[in-house]
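**Q** Here the sequence shown stands for residues 1 to 246, where the numbers follow this note's numbering.
Please note that a few of the clues may not be correct.
[As the list claims (entries may be wrong)] Have a look at the derived ranges for each label pair, beta carbon to beta carbon: (1) F102 with V232: 20 to 26 Å; (2) H10 with Q51: 42 to 48 Å; (3) P101 with L58: 15 to 21 Å; (4) V59 with A225: 32 to 38 Å; (5) R109 with V29: 28 to 34 Å; (6) L214 with H10: 27 to 33 Å; (7) T48 with M191: 34 to 40 Å; (8) G46 with A131: 20 to 26 Å; (9) V232 with Q9: 26 to 32 Å; (10) V108 with C233: 24 to 30 Å; (11) H105 with Q15: 18 to 24 Å; (12) Q51 with V87: 35 to 41 Å; (13) A205 with F116: 39 to 45 Å.
These aren't lab readings, by the way, just hints derived from the structure by calculation.
Glycine included, each C-beta is placed from N, C-alpha and C at the ideal position.
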Amino acid sequence: MSLAAPAEQHLSPHQEFLQGMRDMLPMLVGAIPFGIIFGSLAVSAGLTPWQTVGMSLLVFAGSAQFIALSLLSGGASLAVLLLTTLVVNLRHALYSASLQPFVRHLPVRWRMPLAFWLTDEAFAVVQHRYAELDASPHKHWYFLGAALAMYGNWQLCTLIGLWFGQSVPDIARWGLDFAMLATFIGIVVPMLRNRPQVAAALVAAAVALVCHGLPYQLGLLAAAASGIVVGVCLERLGEESLEVMP
């Protein structure tokens with residue numbers, strides 16, 4: 001007589017969805033002042049309320065939206081605007097490549113919206129869930145819950161910022177943007193697991209500080225490019241050293 005092993009219990013789609021929303025809560029707190037400041041600055045930059053809301057709905061990329069406001073205020077050309085925001089958002093291609101093995105089985109109607117809603121915060125939360133060893137077939141519902149929580153939070157904070165921008169002057173000087181800085185530090189630091197990653201982060205930070213005064217946010221582009229080059233080169237050097245070892 002043999003005893004069958006008990007079937008592994010998995011969270012239902014609804015439970016995964018709610019868990020994703022709950023796990024995103026700490027990230028939402030950090031994004032709240034960031035979204036409010038964006039809505040306020042958009043008014044100061046000359047965007048109409050509809051244009052501001054439309055940017056948050058259709059772009060949904062905080063750093064790119066802030067850079068776009070800065071470039072628009074500085075009179076940058078459309079080509080500079082598009083190129084800068086493209087380079088800044090290239091990191092999302094890396095996020096997508098990292099998550100691709102876990103979502104490639106999903107139909108396009110799932111992959112397309114999940115790709116659109118993928119943010120730094122969502123990636124940090126979702127990749128941790130996919131790294132867990134349970135074989136739940138519903139982890140994409142967790143992804144959806146986490147992503148929609150951030151999306152809804154960003155839209156609400158944009159609307160609040162619009163109201164503040166029209167009612168409270170100079171809200172950007174309140175120092176609220178520190179919360180988002182702390183959130184990004186909390187995202188990046190746990191991911192620095194080897195020397196190439198640490199070196200890439202340090203070089204990018206140093207270049208960003210040195211080149212902070214460059215126009216059109218070129219310092220940010222230089223920092224991103226420097227970090228990528230250093231990280232890739234050190235990774236390749238490490239692989240070559242392993243190959244030549246006896």
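**Q** Take a look at whether the Cβ-Cβ distance between Q51 and V87 falls inside 35 to 41 Å.
**A** violated, 23 Å
**Q** Look at the Cβ atoms of T48 and M191 and judge whether their distance stays inside 34 to 40 Å.
**A** holds, 38 Å
**Q** So does L214 sit 27 to 33 Å from H10, Cβ to Cβ?
**A** Given a distance of about 51 Å, which is not inside 27 to 33 Å, the answer is violated.
**Q** Lying within 28 to 34 Å: is that true of the beta-carbon distance R109 to V29?
**A** Since R109 and V29 have Cβ atoms about 31 Å apart, the given range 28 to 34 Å holds.
**Q** Could you tell me whether the CB distance from V59 to A225 stays inside 32 to 38 Å?
**A** Hint violated: Cβ distance 22 Å, outside 32 to 38 Å.
**Q** Indicate whether the distance between the beta carbons of P101 and L58 respects the range 15 to 21 Å.
**A** violated, 28 Å
**Q** For V108 and C233, compare the CB-CB distance with the range 24 to 30 Å and indicate the outcome.
**A** Distance hint for V108, C233 is violated at roughly 36 Å.
**Q** Between H10 and Q51, does the C-beta distance stay in 42 to 48 Å?
**A** At 44 Å between Cβs, range holds.
**Q** Can you let me know if the beta-carbon spacing of F102 and V232 is within 20 to 26 Å?
**A** holds, 24 Å
**Q** If I claimed the Cβ atoms of A205 and F116 lie 39 to 45 Å apart, would that claim hold in this structure?
**A** Since A205 and F116 have Cβ atoms about 29 Å apart, the given range 39 to 45 Å is violated.
**Q** Return holds or violated for the Cβ distance of H105 and Q15 against the range 18 to 24 Å.
**A** holds, 20 Å
**Q** Is it true that G46 and A131 lie within 20 to 26 Å of each other by Cβ?
**A** For G46 and A131 the Cβ distance comes to about 44 Å; the hint is violated.
When the structure is compared with the earlier hints, violations turn up for hints 3, 4, 6, 8, 9, 10, 12, 13 and for no others.
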